[in-house]
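Generate the whole structure from the sequences, applying the supplied hints.
First to last, the protein sequences are chains A and B.
Read in the numbering used here, the first sequence has 84 at position 84, and its numbers run on one by one without any break.
Read in the numbering used here, the second sequence has 6 at position 6, and its numbers run on one by one without any break.
In case anyone wonders, no lab produced these hints; they're calculated from the structure.
Taking lysine to aspartate or glutamate pairs in the EDC-like style, the calculated list, with each CA pair at most 20 Å apart, reads:
no.	chain 1	residue 1	chain 2	residue 2
1	B	Lys147	A	Glu14
2	A	Lys15	B	Glu144
3	B	Lys45	B	Asp117
4	B	Lys88	B	Asp110
5	B	Lys141	A	Glu11
6	B	Lys136	A	Glu105
Below, each chain spelled out in residue letters.
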Amino acid sequence: MSSFLESASVELLEKKLDAVWMRQQVIAGNIANAATPGYKSKSLEFESLLDQRLSQTGTSDDAIKQALKDVQPVVVRQEGTAAREDGNNVDEDKESVEMARALIEYSYLCNSLSSQINRMKYVVTEGRA
Amino acid sequence: MAFLDSLNISGSGLTAQKFRMEIVAQNLANAETTRTAAGGPYRRKLVALEEITGSPPSFSDALTAASGASGAGGVRIKQVLDDTDDFKVEYDPTHPDADQAGYVRLPNVDTTEEMVDMMSASRLYEANITAFNAMKEMASKALEIGK
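Below, the structure is given as structure tokens:
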């Protein structure tokens with residue numbers, strides 16, 4: 001039996017936490033550069049890449065673990081969207097929404113991870129905790 | 001990834017917007033200044049911002065770059081430029097800096113433009129604070145995992 005902390009679901013949560021954290025960094029960078037001439041807004045792609053990979057390999061625990069090793073988040077520059085006069089295409093409303101989403105997603109992932117850990121605590125204390 | 005370094009991204013945004021605000025204040029304060037050290041009326045100052053693409057290569061930078069997650073670095077002030085627009089000319093023979101014909105050259109500061117700049121800087125300052133708080137909340141959330 002693989003150890004609890006190395007199970008596919010825990011590793012999935014860890015990786016996703018990292019991805020959402022990075023996404024928040026990218027969003028903060030976009031907001032910081034909202035008035036920088038020529039700056040192109042950036043976004044982080046991870047879920048779609050992971051999904052694509054898992055649709056090919058199936059979703060067994062081993063396939064998920066291997067996919068988590070191979071698939072890395074990628075920062076993408078958004079070139080196509082309408083640019084302002086100064087060549088900057090940061091949409092502040094979109095960034096705020098993305099920021100709120102990332103924040104909620106991060107809390108959700110933290111809670112999921114905590115509840116996994118708490119279940120294991122419950123087991124190791126024979127249900128007395 | 002040094003985990004609290006990400007707060008510097010929003011921090012750099014705050015610094016940049018505050019600096020823009022200072023330049024607006026300077027432009028407004030000098031809206032009627034007809035004498036400068038360089039001679040002639042005051043020229044409106046402009047701030048040019050620049051994206052920080054990467055600090056001097058360190059191990060953690062190389063590691064982030066290798067994991068494909070480079071790109072968020074923040075913003076810095078690249079240069080303060082002089083606005084090259086023409087000076088305003090006004091007829092006021094009583095002004096001490098009026099020329100022979102009674103015309104005074106006044107700074108090329110447009111107060112409306114400065115007000116718009118000020119609003120933009122102040123809104124972006126708030127946006128950066130919101131981003132900073134979101135990051136802070138996420139970091140403290142991460143410290144609660146398993147509790």
